[in-house]
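Asker: Sequence:
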Amino acid sequence: MTRLLDLQPSQAFEAGERAGRRSNAIHRGSLWLLSSELPPGGEVADHLHWLLNRLEPKADALWRLTDQGYVADWFCLAASHATEHAVELDRRLLRRLLVLPGDLLLDVMGDD
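According to the numbering used here, the stretch in the sequence shown is residues 75 to 186, in order.
Among these hints, one or two may not hold up.
[To be verified] Distance ranges between label pairs, derived from CB positions: (1) R95 / V173: 10 to 20 Å; (2) E117 / R95: 27 to 37 Å; (3) L112 / D177: 17 to 27 Å; (4) H123 / N98: 21 to 31 Å; (5) P83 / G116: 19 to 29 Å; (6) T76 / G143: 13 to 23 Å; (7) T140 / L180: 36 to 46 Å; (8) R96 / L178: 11 to 21 Å.
Calculated directly from the structure, the hints in this document are not laboratory data. No experiment lies behind these values; they were computed from the predicted model shown. Glycine included, C-beta positions come from ideal geometry on N, C-alpha and C.
Could you put together the complete structure from these sequences and hints?
Answerer: Following this line, the structure appears as structure tokens:
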């Protein structure tokens, strides 16, 4: 995937590889993950724009991979602190997401 997309993943491993140097556990599946390089705690939309700027030019390759059985998704963690905070995803951003494979998964959690 790294060669095909010409992008370095934030994290990657192959099925069958050891899960860690000190662990005997074996990864049962493969993973290729790209995280935004923006500071944590920023707006979800900013992180998605960062990722889209890098992945939109690779749309054809991403669709080929999903046609071959690879699974793609957009996983976002939104943490709300003491004050209420809304996650805002405008229509322009949502249109950009629709051009690429993968469902948008939002994990919203509070302070507790």
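Asker: Are the hints correct? Go through all of them and say.
Answerer: Right, here's what the structure says about each hint:
1. R95 / V173: 10 to 20 Å: For R95 and V173 the Cβ distance comes to about 39 Å; the hint is violated.
2. E117 / R95: 27 to 37 Å: holds (36 Å)
3. L112 / D177: 17 to 27 Å: The hinted range 17 to 27 Å holds for L112 and D177, with Cβ atoms some 22 Å apart.
4. H123 / N98: 21 to 31 Å: violated (41 Å)
5. P83 / G116: 19 to 29 Å: holds (21 Å)
6. T76 / G143: 13 to 23 Å: Check passed, 18 Å falls within 13 to 23 Å.
7. T140 / L180: 36 to 46 Å: Given range 36 to 46 Å: violated, Cβ gap about 20 Å.
8. R96 / L178: 11 to 21 Å: Violated, at about 35 Å.
Violated hints for the displayed structure, listed by number in ascending order: 1, 4, 7 and 8.
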